[in-house]
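K.L.:
Residue strings, one per chain:
There are 2 protein chains.
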Amino acid sequence: MAKELKYFTKRSEDYSKWYNELVVKADLAEVSAVRGCMVIKPYGYAIWEKMQRQLDDMFKATGHQNAYFPLLIPKSFLSREADHVEGFAKECAVVTHYRLKNDPEGNGVVVDPEAKLEEELIIRPTSETIIWNTYKNWIHSYRDLPILVNQWANVFRWEMRTRMFLRTAEFLWQEGHTAHATREEAEAEVKKMINVYATFAQDFMAVPVITGVKSANERFAGAIDTYTIEAMMQDGKALQSGTSHFLGQNFAKAFDVTFMNKENKPEYVWATSWGVSTRLMGALIMTHSDDNGLVLPPKLAPIQVVIVPIYKDEAQLKSISERVEPLVEELRKRGISVKYDDADNRRPGFKFADYEVKGVPVRLAIGARDLENGTVEIMRRDTLEKETVGFDGIVDEVVRLLDDIQSNLFKKALAHRESMTRTVETYDEFKKEIEKGGFILAHWDGTTETEEKIKEETKATIRCIPLEGDTTPGVCMVTGKPSARRVLFARSY
Amino acid sequence: MAKELKYFTKRSEDYSKWYNELVVKADLAEVSAVRGCMVIKPYGYAIWEKMQRQLDDMFKATGHQNAYFPLLIPKSFLSREADHVEGFAKECAVVTHYRLKNDPEGNGVVVDPEAKLEEELIIRPTSETIIWNTYKNWIHSYRDLPILVNQWANVFRWEMRTRMFLRTAEFLWQEGHTAHATREEAEAEVKKMINVYATFAQDFMAVPVITGVKSANERFAGAIDTYTIEAMMQDGKALQSGTSHFLGQNFAKAFDVTFMNKENKPEYVWATSWGVSTRLMGALIMTHSDDNGLVLPPKLAPIQVVIVPIYKDEAQLKSISERVEPLVEELRKRGISVKYDDADNRRPGFKFADYEVKGVPVRLAIGARDLENGTVEIMRRDTLEKETVGFDGIVDEVVRLLDDIQSNLFKKALAHRESMTRTVETYDEFKKEIEKGGFILAHWDGTTETEEKIKEETKATIRCIPLEGDTTPGVCMVTGKPSARRVLFARSY
Chain R
2 MAKELKYFTK
12 RSEDYSKWYN
22 ELVVKADLAE
32 VSAVRGCMVI
42 KPYGYAIWEK
52 MQRQLDDMFK
62 ATGHQNAYFP
72 LLIPKSFLSR
82 EADHVEGFAK
92 ECAVVTHYRL
102 KNDPEGNGVV
112 VDPEAKLEEE
122 LIIRPTSETI
132 IWNTYKNWIH
142 SYRDLPILVN
152 QWANVFRWEM
162 RTRMFLRTAE
172 FLWQEGHTAH
182 ATREEAEAEV
192 KKMINVYATF
202 AQDFMAVPVI
212 TGVKSANERF
222 AGAIDTYTIE
232 AMMQDGKALQ
242 SGTSHFLGQN
252 FAKAFDVTFM
262 NKENKPEYVW
272 ATSWGVSTRL
282 MGALIMTHSD
292 DNGLVLPPKL
302 APIQVVIVPI
312 YKDEAQLKSI
322 SERVEPLVEE
332 LRKRGISVKY
342 DDADNRRPGF
352 KFADYEVKGV
362 PVRLAIGARD
372 LENGTVEIMR
382 RDTLEKETVG
392 FDGIVDEVVR
402 LLDDIQSNLF
412 KKALAHRESM
422 TRTVETYDEF
432 KKEIEKGGFI
442 LAHWDGTTET
452 EEKIKEETKA
462 TIRCIPLEGD
472 TTPGVCMVTG
482 KPSARRVLFA
492 RSY
Chain G
2 MAKELKYFTK
12 RSEDYSKWYN
22 ELVVKADLAE
32 VSAVRGCMVI
42 KPYGYAIWEK
52 MQRQLDDMFK
62 ATGHQNAYFP
72 LLIPKSFLSR
82 EADHVEGFAK
92 ECAVVTHYRL
102 KNDPEGNGVV
112 VDPEAKLEEE
122 LIIRPTSETI
132 IWNTYKNWIH
142 SYRDLPILVN
152 QWANVFRWEM
162 RTRMFLRTAE
172 FLWQEGHTAH
182 ATREEAEAEV
192 KKMINVYATF
202 AQDFMAVPVI
212 TGVKSANERF
222 AGAIDTYTIE
232 AMMQDGKALQ
242 SGTSHFLGQN
252 FAKAFDVTFM
262 NKENKPEYVW
272 ATSWGVSTRL
282 MGALIMTHSD
292 DNGLVLPPKL
302 APIQVVIVPI
312 YKDEAQLKSI
322 SERVEPLVEE
332 LRKRGISVKY
342 DDADNRRPGF
352 KFADYEVKGV
362 PVRLAIGARD
372 LENGTVEIMR
382 RDTLEKETVG
392 FDGIVDEVVR
402 LLDDIQSNLF
412 KKALAHRESM
422 TRTVETYDEF
432 KKEIEKGGFI
442 LAHWDGTTET
452 EEKIKEETKA
462 TIRCIPLEGD
472 TTPGVCMVTG
482 KPSARRVLFA
492 RSY
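So the sequences go chain by chain: R and G. Counting with this note's numbering, you get residues 2 to 494 for the letters of the first sequence. Counting with this note's numbering, you get residues 2 to 494 for the letters of the second sequence.
Be careful, since some hints might not be right.
A pair counts as met if it fits within one copy or between any two copies, since identical chains are not told apart.
[As the list claims (entries may be wrong)] The list that follows gives simulated cross-link-like pairs (lysine-lysine, DSS-like), each with its CA atoms no further than 27 Å apart:
| hint | residue 1 | residue 2 |
| --- | --- | --- |
| 1 | K412 | K11 |
| 2 | K456 | K102 |
| 3 | K340 | K61 |
| 4 | K51 | K61 |
| 5 | K102 | K117 |
| 6 | K91 | K460 |
| 7 | K26 | K61 |
| 8 | K300 | K334 |
| 9 | K413 | K254 |
| 10 | K460 | K11 |
Please keep in mind that the hints were generated in silico from the structure rather than gathered at the bench.
So that you can see chain R by itself, here it is in the shape it has in the complex (with noise of 0.2 Å):
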């Protein structure tokens, strides 16, 4: 069994293959019945919810309420923007009933013909227009805003193409939706929240991030300018983890939502979205992970560390267990999660195996003759260096090694994203340079009709432009049109 958990696809034999049973092999998801959709496994959960909370601090603290809005959108709503439901209506689950009933005929529960809705009515892909139809009676005058809200849901997009975290048919998230008075004030928005997001990705994920803007081609549908980070995977590819849209006035218009302004003159009312997803949870897995299984950044493990005792008699685990007690108290009593397992249905070598499977950050392992020399076993698993130390100050030692190992990870990603990210002058250059995978800087001459050759031609597309790093104008490397700067491609989950 130990060997079983550990046996499984390296990443350099089917990186995607590895990817699908390191998510099965970690507890974390499974697929489900229901096509596209996955079950979320208690461990993967605990792992998500982690995320939620520290995410809903840094929310809360910067002015943001929670609130929920329904689930199911008049289809006519979609419709109200253009560009929205163009971007939407290929991939909606439609209600159309709202009752079953016994067949006549006998064959069961059927859909009941009668009860046929008016309207259909869609399930959220996103709550843009239900927001904004509500916000409608919320805002009168410029002293209604702005207004800060956020919502924690479930939404679904019919995706063709399914992958556990990476693309589901229904997903988790969280959009903030905010009202404002002014451009610059929602602008402001827009960038506050994609920062946000950046701090949480580098600071809590340990995954570095680029930050930029879309490009027209990759906006989100309804949206004036799109925010993304962009991270890289271990095999080169791009992710996208987190956006925030600047909305314009396009919702207000849609919906007709205008405040009076201090000149007690009518203005329709500036808005922002923005969002992540347990899209992030893939991003997680495939940034830190190796061929032994999960690798969690402390900060986000539901485990910090595990103990585990090893022993021969119901003595020995006596002895074993009287002097890890004070410590798993001490340890709590720092702000660490750990777990003591002193279960006797699994040999240590499972459970070794098994921790390393769901990535536990830190391993200790006291035996007999820990006890006798005074010493303990510490595994760290990111390196799955081991080394035996003294029993005192082991907590400390803990302590430091957890912050070891989270910026560890970090500098680890930023290294392999480093080494991977390359600036070309030529498209015969870029052609031969995706292939190797990784990103790629170039300069591009800002049309849509370039973006797509190159996708074409490629599958690269422009992840985003940097707001930071190189501003040099130069020249388009397929066009040779000018180019305003260089911006970020790649192939992309």
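Fit chain G to the known structure of chain R by using the hints.
P.N.:
Chain G only, in chain R's frame:
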């Protein structure tokens, strides 16, 4: 505006109208554009979040973990358990298509008839079926049991008559779904969880409840036994506030979920499920609130203390703020959520009315004369009593007052329930008493027939067979047949 806030229907005039107005005026929720669905506004959602956090802690303390299962359920799953589908078929929202398209005749966006699902999907009205279909893969041996899982989710039941929080088509809830090797263990779980709900209702919501078992007629569709907590609203009607179901092996049989027991023989798994929902918001509102607005128990109030400065000019405000700031800090250190409302666009009278309507438990007001005298005015929301007390020692006084309000609300609600609970001997007496509202304890012969006759003739139902109280046998008030013990009748929400 202050007047407008305070001006609403009195409970004695029209309790139902009072409730609807209060929900809106206290900024808790509003009806949405989607039939039967509500928007939970930030202030209402903040109360729900406090409930969630507390309940979640209690679930985890009793060994449960959270997970997440799909929103949509294949129609055929629902049909597997006969009673279950019978109970829910009439209120199912049905997804039949997965795509919209532009109408070729130019009528905007329409459902694409080519994107019809082979099998319809139901928005979960509850998740037993999809979860037991999943558990089938999780459970092989007795070593895989118990499974103690909870899910926080939205569910959908197409109700014809809806009221905010009390009965809405979509609502938020948690649903625990556990799997056990033995009947005894499952039954113990069912009781444990109804007791968790009772503790939460009484100790946090300050809502006294009667715990008992439902009659066959009122059981959850698919359960062997349903335990319930029943609360009494101020109008004397009962509100079912939480239920815990012993499902026996019904769902294990429907989904063929067996395990190998210690003797290596296959057995069907035993199941429980239990849930509370945003309906608890309705119980909270209707138990404590008064003609001036919401009254909240301190343990669930998003703002426990509000401090309002009363000043004539900037200089006065500055002096007051200097006095108040260390107080705010001290209160926060004691774990109290406090708001210092120094906004200058609303007058003190308006603020007073607003926080009264919103049910903030303790209000402090401080003006220039208080500064001179070293005093502060303190108001408690439950009794509306005002007192001027010394500024020194105010922190202890606030802590004491919050405790006192919490226990006073419970005592008041309990006294109200006791004053409206009677024991009757004859059916004539019953019919007279039920018109006055409240709970009635009476003998019943245990048959569905008698129960339905009583319901038809009096609109009263058996709320539960209480677990505690008088267990003396007697004769049924309607049929004169033997009765094992008195049961609890009431009209209900």
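K.L.:
The structure should be examined with respect to each hint, and the outcome stated for every one.
P.N.:
Here's how the hints hold up against the structure:
Taking the closest pair of Cα atoms, K412 and K11 come within 27 Å of each other only inside a single copy of the chain (23 Å); across copies the shortest separation is 64 Å, beyond that limit. Taking the closest pair of Cα atoms, K456 and K102 come within 27 Å of each other only across two copies (26 Å); inside a single copy the shortest separation is 50 Å, beyond that limit. When the C-alpha separation of K340 and K61 is checked against a cutoff of 27 Å, the pair qualifies only between copies, where the shortest distance is 15 Å, while the shortest distance within a copy is 31 Å. For a Cα distance limit of 27 Å, the shortest separation of K51 from K61 qualifies both inside one copy, at 16 Å, and across copies, at 14 Å.
Proximity of K102 and K117 under a CA criterion of 27 Å is satisfied in both settings, with 13 Å inside one chain copy and 19 Å between copies. In this assembly of identical chains, K91 and K460 lie within 27 Å of each other by CA distance solely inside one copy; the values are 22 Å within and 49 Å between copies. Taking identical chains as interchangeable, the C-alpha atoms of K26 and K61 lie at most 27 Å apart only when they sit on different chains, with a minimum of 24 Å there against 35 Å within one chain. Proximity of K300 to K334 under the C-alpha cut-off of 27 Å is found in both arrangements, the shortest distances being 16 Å within a copy and 25 Å between copies.
For the homomeric pair K413 and K254, neither the shortest alpha-carbon distance inside one copy (47 Å) nor that between copies (51 Å) is at most 27 Å. Taking CA atoms no more than 27 Å apart as the test, K460 paired with K11 passes inside one copy only; the shortest distance there is 25 Å, against 67 Å between copies.
In the structure shown, a violation is registered for the earlier hint numbered 9 alone.
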